[in-house]
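Keeping their order, the protein sequence lines are chains E and B. Under the numbering used here, the first residue of the first sequence carries the number 1, and numbering increases by one thereafter. Under the numbering used here, the first residue of the second sequence carries the number 1, and numbering increases by one thereafter.
Calculated from the structure, these hints are not laboratory results. One should not assume that every hint holds.
Here are the simulated lysine to any residue pairs, SDA-like style, with alpha carbons at most 25 Å apart [what the hints assert, rightly or not]:
| # | chain 1 | residue 1 | chain 2 | residue 2 |
| --- | --- | --- | --- | --- |
| 1 | B | 79 | E | 113 |
| 2 | B | 19 | B | 225 |
| 3 | B | 79 | E | 110 |
| 4 | E | 298 | B | 157 |
| 5 | B | 24 | B | 227 |
| 6 | B | 134 | E | 201 |
| 7 | E | 298 | B | 167 |
| 8 | E | 298 | B | 225 |
| 9 | B | 95 | E | 107 |
| 10 | B | 95 | E | 66 |
| 11 | B | 134 | E | 198 |
| 12 | E | 298 | B | 194 |
| 13 | E | 29 | E | 19 |
| 14 | B | 95 | E | 193 |
| 15 | B | 155 | E | 299 |
| 16 | B | 208 | B | 139 |
| 17 | E | 298 | B | 208 |
| 18 | B | 155 | E | 198 |
| 19 | B | 79 | E | 106 |
Treat the numbers as computed from the prediction; the structure is a model and nothing was measured.
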Amino acid sequence: MSLNQISVDSQFAETQLNVKNKKIQGLYKTLFLMMTLLLILPVLVILGTLIIKGGSMISIDFLFTDPVNGMTEGGIFPALLGTIWLVTLALLISVPLGIAAAIYLSEYAADNWFTRIINLAIINLAGVPSIVHALFGVGAFVIFFGFGTSILAASLTLAIMTLPVVIVSTRESLQAVPQAFREACWNMGATRWQTIRRVVLPNAVSGILTGVILEVSRTTGETAPIMFTGAAFFLPFLPQGVFDQTMALSLHLFVVSTQVPNVPDALPYAVALVLIAMVLIMNSISIAFRMHLRGKKKW
Amino acid sequence: MVDTAAETEKTETEIVAPKKIKLKVNDLKISYADETALSGVSLDVYENEIFGIIGPANAGKTSFLKTLNLMNTFDSNMKVEGNIFFNDRNIHQLKNVYALRSRIGVVFPLPVGLPLTIYENVALSPRLRGISDKVALDIIVERCLTRAALWDEVKDRLDSLGSLLSGGQQQRLTIARALSQEPEVLILDEFSIAVDPVTTMRIEDVLKELKNEMTIILVTNLVQQARRLADRTAFFLEGQCIEIGDTEALFNGQVQDSRTTDYIEGRFG
Numbered sequence: 001m002s003l004n005q006i007s008v009d010s011q012f013a014e015t016q017l018n019v020k021n022k023k024i025q026g027l028y029k030t031l032f033l034m035m036t037l038l039l040i041l042p043v044l045v046i047l048g049t050l051i052i053k054g055g056s057m058i059s060i061d062f063l064f065t066d067p068v069n070g071m072t073e074g075g076i077f078p079a080l081l082g083t084i085w086l087v088t089l090a091l092l093i094s095v096p097l098g099i100a101a102a103i104y105l106s107e108y109a110a111d112n113w114f115t116r117i118i119n120l121a122i123i124n125l126a127g128v129p130s131i132v133h134a135l136f137g138v139g140a141f142v143i144f145f146g147f148g149t150s151i152l153a154a155s156l157t158l159a160i161m162t163l164p165v166v167i168v169s170t171r172e173s174l175q176a177v178p179q180a181f182r183e184a185c186w187n188m189g190a191t192r193w194q195t196i197r198r199v200v201l202p203n204a205v206s207g208i209l210t211g212v213i214l215e216v217s218r219t220t221g222e223t224a225p226i227m228f229t230g231a232a233f234f235l236p237f238l239p240q241g242v243f244d245q246t247m248a249l250s251l252h253l254f255v256v257s258t259q260v261p262n263v264p265d266a267l268p269y270a271v272a273l274v275l276i277a278m279v280l281i282m283n284s285i286s287i288a289f290r291m292h293l294r295g296k297k298k299w
Numbered sequence: 001m002v003d004t005a006a007e008t009e010k011t012e013t014e015i016v017a018p019k020k021i022k023l024k025v026n027d028l029k030i031s032y033a034d035e036t037a038l039s040g041v042s043l044d045v046y047e048n049e050i051f052g053i054i055g056p057a058n059a060g061k062t063s064f065l066k067t068l069n070l071m072n073t074f075d076s077n078m079k080v081e082g083n084i085f086f087n088d089r090n091i092h093q094l095k096n097v098y099a100l101r102s103r104i105g106v107v108f109p110l111p112v113g114l115p116l117t118i119y120e121n122v123a124l125s126p127r128l129r130g131i132s133d134k135v136a137l138d139i140i141v142e143r144c145l146t147r148a149a150l151w152d153e154v155k156d157r158l159d160s161l162g163s164l165l166s167g168g169q170q171q172r173l174t175i176a177r178a179l180s181q182e183p184e185v186l187i188l189d190e191f192s193i194a195v196d197p198v199t200t201m202r203i204e205d206v207l208k209e210l211k212n213e214m215t216i217i218l219v220t221n222l223v224q225q226a227r228r229l230a231d232r233t234a235f236f237l238e239g240q241c242i243e244i245g246d247t248e249a250l251f252n253g254q255v256q257d258s259r260t261t262d263y264i265e266g267r268f269g
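Excised from the complex, chain B in its bound form:
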């Protein structure tokens, strides 16, 4: 309990530090069989920022995310070229991909409550890391559920199935589960698709707080969501990263490519 108090204090004082590159992507190309999903994307994601990615369907956003934690290794159709550096380490040369994945939390478009109890959904990742002490797990579960704004709703029924919660609750459970990995990077892929507006706003508030502790990559189909949350935003279109810029600047029309403004203002996509 002392822990949580200390944490809140930490989030209140903004840490201003020189921007450190968390993820560096160099000329990343992705293709499926004969189809190109991403044709040469380079970008940097800084530590403790919310990095938004917007763009219409089929722009290669989800494929891009998959390569960041090497989930592409599960898909034999997916060919990846180029380099990705996580904390200055080339992830394609890492020996322990599991350690990489555990440092990157992922939240999918559709909530995935695992068919385990609510408690076990959140305790699973710590258990995989070898934590089996009940007290330690209890603390982690309560902290993660609290930070995902779900604790109050489920604290009396931690033993019921996570997969039977409502959509919005399941998505917060997914976020709690991602947080239980103690990730350095949190990836959210169109998290609000199956979530009601009120829950969406609650999750957005959570993300603003989490930014102080981790790097967040937010792929969204709602350009206004990117505007509300992202420090910088990248615009993906047809497998290319058209431009990256300060979110406010992009939304104020300071763009290099007119297509960005067209998309932001809803003229296509």
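Isolated chain E, as found in the complex:
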């Protein structure tokens, strides 16, 4: 028994190599943890600074009154409302378009040169700087289609800019649905569309929503694409329709930070805080909705 015991013991004894490996493993784990914490740091610093410096200015009045006195006093209501207009309209345009394109690319398109060119175009579109999108928007929507500088032109520009994000994330979530599910449906005599509607889409919704969340965040903060296409420096009235210009939070932030003299220190911080809060609130709503949809593991 004792002999047996010894050999078993020696089997599980720690060698120097084991000790070294464990140390290295611990080192890497710490390193990765530090990197992760480093990621959170800027978020905390930004939020903290904004709250400390601008938090005191936030009030119901600030949110729901017009800026006065050369934008150095008063609230931000027109800009807030304008951003909501722009983001909503941009979403209404890009989400259906992007999802349709993604469904085509993922579920229908054969893998040939044509599809590959489209995919390449999408990747490139995602990489185009927003100022270039802005100039495209001016050329296409403001001048060529004759929408003028308007909410419509600005939203279309934003929609084009965020389209690749929606397409790529939707396509990825569609492709995360196992192929075996599709084949099982096709074998039953289901058409491609029946398969997509009954099995693929319902199981890709949470992923698709992630793409939409990303789009909302990005759209809300964009400044360049709307600057020349529909957002105004200052407007004494609220937009009455999609062909009007509007103020927008992101541009307003740029304006009060750099373009207007004698702005109280807290004002830009307060505007930035509202902007970030809007993104966070929309994200949380979408995430909650997504968690609700995902429920539990499906396969």
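Chain E is fixed; fit chain B onto it per the hints.
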């Protein structure tokens, strides 16, 4: 409920009729890009028989099955030549491939419980056919699950996800789903790979009963399973159908090609 009683009675009385050809395959060739998967297979499958197909991996069995319900149209790499007749109709000339597919139920090697509820897994095919009446669907779901020997295990949780059942249960769910198509032909591709022996035996019993109502094509990697179930068996090897014969005869050594016996007796493959 009257329905099920009538059905059991029907299965008890064997119907003896002249053999009718359900599926006729003529010189079928399949290739992928530069690789041949099947080089000229001709065979007939009779109505109400279990037609076994045995053979080692890469013999072209699964490719063969795919062509029977035109699933090859989803695979652009797959080239198919030759003719297949289903109920004497050339399937390559059919206008409605969906109708063909719905008449052929397929069970895959790995169970595929769709990420729908158990109920919806079985109700999906009837729904695709346009049946939306709740009572009609209830009857179909209960009947198919019962025939697939799964009803008793799941009748209290029809609303839970089919994709979360155990492997053996999912495979019976897949069979129930195939039955919900009210198929004329049921194809099983190595159905017992991911299933425990007890479930396998239960499914085998189910198949013996189903034979009275439909034609079954059983591809299996277990030669003894073919012996237990199949009326006739075909031996596929390297893209060719080496021989087709009465199962008992093949297993008793009455073969034209010695490779058949070699495979059956486990000398290769």
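Structure-based check of all given hints:
no.	hint	in the structure
1	79/B <-> 113/E	holds, 20 Å
2	19/B <-> 225/B	holds, 23 Å
3	79/B <-> 110/E	holds, 16 Å
4	298/E <-> 157/B	holds, 16 Å
5	24/B <-> 227/B	holds, 23 Å
6	134/B <-> 201/E	holds, 24 Å
7	298/E <-> 167/B	holds, 15 Å
8	298/E <-> 225/B	violated, 33 Å
9	95/B <-> 107/E	holds, 22 Å
10	95/B <-> 66/E	violated, 66 Å
11	134/B <-> 198/E	holds, 18 Å
12	298/E <-> 194/B	holds, 19 Å
13	29/E <-> 19/E	holds, 15 Å
14	95/B <-> 193/E	holds, 18 Å
15	155/B <-> 299/E	holds, 20 Å
16	208/B <-> 139/B	holds, 23 Å
17	298/E <-> 208/B	violated, 33 Å
18	155/B <-> 198/E	holds, 23 Å
19	79/B <-> 106/E	holds, 23 Å
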